[in-house]
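Asks: Just so you know, we're using my numbering here: the sequence shown kicks off at 68 and counts up by one.
In short, the hints are calculated from the structure, not lab data.
Treat the hints with care, since some could be wrong.
To be verified - The calculated BS3-like cross-link candidates involving lysine-lysine, where the alpha carbons are at most 30 angstroms apart (straight line), are:
#1 Lys-172 - Lys-327
#2 Lys-340 - Lys-223
#3 Lys-226 - Lys-150
#4 Lys-278 - Lys-172
#5 Lys-200 - Lys-278
#6 Lys-223 - Lys-211
#7 Lys-226 - Lys-200
#8 Lys-155 - Lys-226
#9 Lys-340 - Lys-278
#10 Lys-344 - Lys-155
#11 Lys-223 - Lys-336
#12 Lys-327 - Lys-339
#13 Lys-278 - Lys-339
#14 Lys-155 - Lys-223
Claimed, not checked - Here are the in silico distance ranges between beta carbons for each label pair:
#15 Ser-89 - Gly-160: 27 to 37 angstroms
#16 Arg-94 - His-349: 38 to 48 angstroms
#17 Phe-119 - Gly-160: 49 to 59 angstroms
#18 Gly-232 - Val-191: 50 to 60 angstroms
#19 Thr-309 - Gly-279: 22 to 32 angstroms
#20 Thr-309 - His-349: 21 to 31 angstroms
#21 Asp-375 - Thr-214: 48 to 58 angstroms
#22 Lys-396 - Arg-159: 25 to 35 angstroms
#23 Asp-397 - Arg-343: 35 to 45 angstroms
#24 His-332 - His-114: 40 to 50 angstroms
We put the CB at the ideal spot given by N, CA and C, even for glycine.
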Amino acid sequence: MSEIIPVPDDDIELVDGEEGVSGVLARLENRVLREAIDSWVRATTDHTSPRFDDLLRDKARPVVEFFAMIDTSPDRVTVDQVKAYHRKLEERGLAQATIYAMLSKISSFYRWLGDLPEFRGRLVNPVAAARPKAPKAYQSQSTKSLTDDEVRRMVKVLKARADSGDVVGIRDYAMFLTYILTGLRRTEVARLRWGDLDLSGVSARITYRAKGGDVLTREVDDRVAQAMVTYLRASGRINTMTADSPIWTSHDVANVRPGKQLTSHAFAKNLKKYARKAGLAHIHIHQTRHTYARIVADETGSIVETQDALGHANTTTTRVYVQRVGVKKDKHGASIAERLGL
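With the sequences and hints as input, model every part of the structure.
Replies: See the structure below:
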């Protein structure tokens, strides 16, 4: 059997976890700055969004991290300090699109602060001179589709760990199958709850909150549902699940977050480890969606069917995912020939 990947720090990472905006803000000692950042995120975030709490936390995080690193008040920040933070983000191996988004949040905070009467005309936004140009959409390594061979290699590594009986391996294998066989987005899978899974019909169905807040229901391949159930049995939770119970939970060896909902960030970390074991230089969860799109396009030969499978509002977005469409299938030639007696 293939060697099992040692992952001693599974799920301990709390960067993208249950912590709320108050927990993020608590990392700053400056009370006035904490209150200013809290006021900014609340003033600039849609209160009707179903992800309101998550948005508050995610917007505040890079701003808090930046000011905690430089330990300087906003009016004393220099362009060089912003550039230093930029370099630090690059050293972490973050994608340029991610770095741009993080710096943009700091810039947004400065614009909001500069509009306040007490700062108007007195505050310079240092990010404006230090932030790189916005990367082109969907041009990063993370948006490239995996090849069929790369998917098979990933499955081999994941299944080897799952077959060992390790509950984290069983969970990660089930999550990867869900991503690759549904094409759903990162958070759409990571936030699934037991009440979202319907096994009562002929085909299994899941209900999820899509991008934009729409709640959608779709059929899923039986292999997806079976993998989820196998994981829940292996984790000893199948008989205690309630509608609100998260499908994916933490099983970290340090017992830091037992039973807590697994974060997509923790799974992404594990996925990179599996990828290295499979001989892949880079991987990102969103690549599974692009892979799904590529295969649907190859199988159907239809950009419209691919658009529908991805849930895109228009084909323009779909064409970014699929650079070429496979041979269009002949659905009507035989019936036309029969009708005309050819």
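Asks: Check the structure against each numbered hint from earlier and tell me which ones fail, lowest number first.
Replies: Checked against the structure, the hints that fail are numbers 3, 7, 8, 14, 16, 17, 20, 21, 22, 24, while the rest are satisfied.
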